[in-house]
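*Asks:* Chain by chain, the residues:
Number of protein chains: 6
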Amino acid sequence: MFSITVRDHMMVAHSFDGEVFGPAQRLHGATFVVDATFRRPELDDDNIVVDIGLATMQLAKVISEFNFRNLDDVEQFDRINTSTEYLAKVVADRLVDAIHAGTLGESARGIREIAVTLHESHVAWASYERNV
Amino acid sequence: MFSITVRDHMMVAHSFDGEVFGPAQRLHGATFVVDATFRRPELDDDNIVVDIGLATMQLAKVISEFNFRNLDDVEQFDRINTSTEYLAKVVADRLVDAIHAGTLGESARGIREIAVTLHESHVAWASYERNV
Amino acid sequence: MFSITVRDHMMVAHSFDGEVFGPAQRLHGATFVVDATFRRPELDDDNIVVDIGLATMQLAKVISEFNFRNLDDVEQFDRINTSTEYLAKVVADRLVDAIHAGTLGESARGIREIAVTLHESHVAWASYERNV
Amino acid sequence: MFSITVRDHMMVAHSFDGEVFGPAQRLHGATFVVDATFRRPELDDDNIVVDIGLATMQLAKVISEFNFRNLDDVEQFDRINTSTEYLAKVVADRLVDAIHAGTLGESARGIREIAVTLHESHVAWASYERNV
Amino acid sequence: MFSITVRDHMMVAHSFDGEVFGPAQRLHGATFVVDATFRRPELDDDNIVVDIGLATMQLAKVISEFNFRNLDDVEQFDRINTSTEYLAKVVADRLVDAIHAGTLGESARGIREIAVTLHESHVAWASYERNV
Amino acid sequence: MFSITVRDHMMVAHSFDGEVFGPAQRLHGATFVVDATFRRPELDDDNIVVDIGLATMQLAKVISEFNFRNLDDVEQFDRINTSTEYLAKVVADRLVDAIHAGTLGESARGIREIAVTLHESHVAWASYERNV
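Chains as they are written, first to last, in this note's numbering: chain S, 1 to 132; chain P, 1 to 132; chain A, 1 to 132; chain L, 1 to 132; chain X, 1 to 132; chain F, 1 to 132.
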């Protein structure tokens, strides 16, 4: 299995609902360093997994929806705890949509799996992976 | 599949038995930067993999047994080569025990896999992963 | 010159006032990975720069005032842009106060300089350094 | 499953053929930080995955063929786009050959999977993994 | 003293002239991860060292001249060994020029020092620092 | 001012004498990732700070004296607390000796400062810098 990963980041505010979150129930924030991994069993005709330029641009586009925002005010997250692991899924699902829409190029339809990791600090990170 | 990872470290002395270890047969030491990963297919009711506070405390507790010790003098390692890969298993097994004991919270029983990585330097690390 | 550095982190929300900040004028957030460096020309009687346990605890204490908060609501930051470089100074000044108060131990009075670096992402960080 | 990983690097020039590569069609270069991972379900009689000294030497040997070269002039890469993901496979295949040849020691025959990651920058990397 | 640092990277081919360079006399390549640091004794009216957006864009512009090129073919480097330390100076000098030209904003004229670090691998980097 | 830095590591056991060290009074160990920085105001005739090959070899040689050892048994450290900051000085002093002995090449006599950083974990490191 081959893969490539590209990295970007977003800076958001949010709060959590539930005693398990302790002080993180208060409005606070995070820098999420976001790694998006694309996997496929065989390379395409150019000998690559995906056009890294398109992959980088698409990841930036997905992130730009949330970057420099208070996620508590973003409609799609109404009454949802925007945990690191949950946000990893949101980013991964968007990237799968982009593959199906052809935004990453025709040959990107050969991608079989997506994994997204969000680093919230130097001592904690979360991932979500799924089939395309 | 979702996951979260938390990082801590321990500083130990030890020696190895066997020609394959060369100069590492002598009493020496290591800082092990320890990454513990918890995986499950679905998030719990709070939209998380596990209470990250409990996960961090439990990892610290497991590590505290070995931190600032000479592993050659720890009874459970008698006549055992405490290689990086072996220690990764020791930490992983303890975390699985904690899940079964309910120490990581009731919802943590949904965790399906544990992976532990020990970084022994900037150029070498070892992992062990298992089902819960 | 000798130095030691200890690392911790804090997760905050804030917004900025001024066109120069672009989208960062909106309420957003950041994880700041905080490195505190203590410098002195000679080591103390224990052959160290400072008790690393006390230094770590003191940094954690300084950070805990801001961690998991919206800095826009913190009184001391009223009408102040809490830029990364400014926050580095806030942390550094508190550490100097702690040295003068003896909180880092008597021998810590030999520390001559403090430098604090706040990493806001994998591609940007800011520092402040001053004499003690 | 157990694993160990060792890290090394190589510095090469190359160019790519195909519009998808944009400015990377020009002769340029890269530092590839190379991580080689060896996996097996059970440890050997010395309680390790593989002799880390032999693994490190073998990785260095594989890399030395390409290090400080223009890959466009290397015969085995004639008319081949030496993308990061493709080079990860080249390194992985060589390590599998070494295992079969016994170069990593007799007990290394218990290794079941190899994964190789090439980091081309702080924001992009590629991997290839295969069975032994 | 305050500072901010922004990071970018470039991927170049080059060769060196002189026996001291050993195999690096051959045409090879490097990824340089470039850190540009801006220092000043007091913050500006917005409480910052420099507009981080402008600093990031200017660094990208300087780097774009060299990125995806064979430095042996770049006229300004004719008969010059483009060592990592030398390239750090080239980037730093360009950033100083930009400050003087006002490209980083009027308040950036308060910047007193520039430091540029080029990381050529995980085990080697070089820096150049100068007054503005 | 120009500089280059090279990185290596050593794995040692040791213990500390003094209540300030708490549990680190017990025999334990550390991986020290060692960064050696060489600084000079002007580059030499080859456009470099120092032959990076010689610098790397010399650092490895200095470290090899201590690597895979219990520092409590090394004669030169008798009754000395081998703190991270103290060991940074030991390595720096040896590198200065090497410069004076000409081991780093004739042109290395232009080096004016040495700085050595020892990383003991992902959250703590120490440095020593001196003139040559």
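Don't take every hint at face value.
For chains that are exact copies, the list does not tell them apart, and a pair is met inside one copy or across any two.
Stated by the list, open to error - Restricting the straight-line Cα-Cα distance to at most 20 Å, the calculated cross-link-like pairs of lysine to any residue (SDA-like) are:
#1 K89 to V74
#2 K89 to G105
#3 K61 to E106
#4 K61 to E19
In short, the hints are calculated from the structure, not lab data.
*Asks:* Please work out whether the CA atoms of K89 and V74 approach to 20 Å or closer within one copy, between two copies, in both situations, or in neither?
*Replies:* Close inside one copy (16 Å), not across copies (33 Å); limit 20 Å.
*Asks:* Checking an output row: K89 and G105, CA cutoff 20 Å. Within, between, both or neither?
*Replies:* Neither: 22 Å inside a chain and 23 Å across chains, both beyond 20 Å.
*Asks:* Cα distance capped at 20 Å. Does K61 pair with E19 within a copy, between copies, both, or neither?
*Replies:* neither (34 Å within a copy, 22 Å between copies)
*Asks:* As a check of your reading, is K61 near E106 (CA-CA no more than 20 Å) within one copy, between copies, both or neither?
*Replies:* Only inside one copy: K61 and E106 sit 19 Å apart there, 31 Å across copies, limit 20 Å.
In this structure, the earlier hints numbered 2 and 4 are contradicted, and the remaining ones agree with it.
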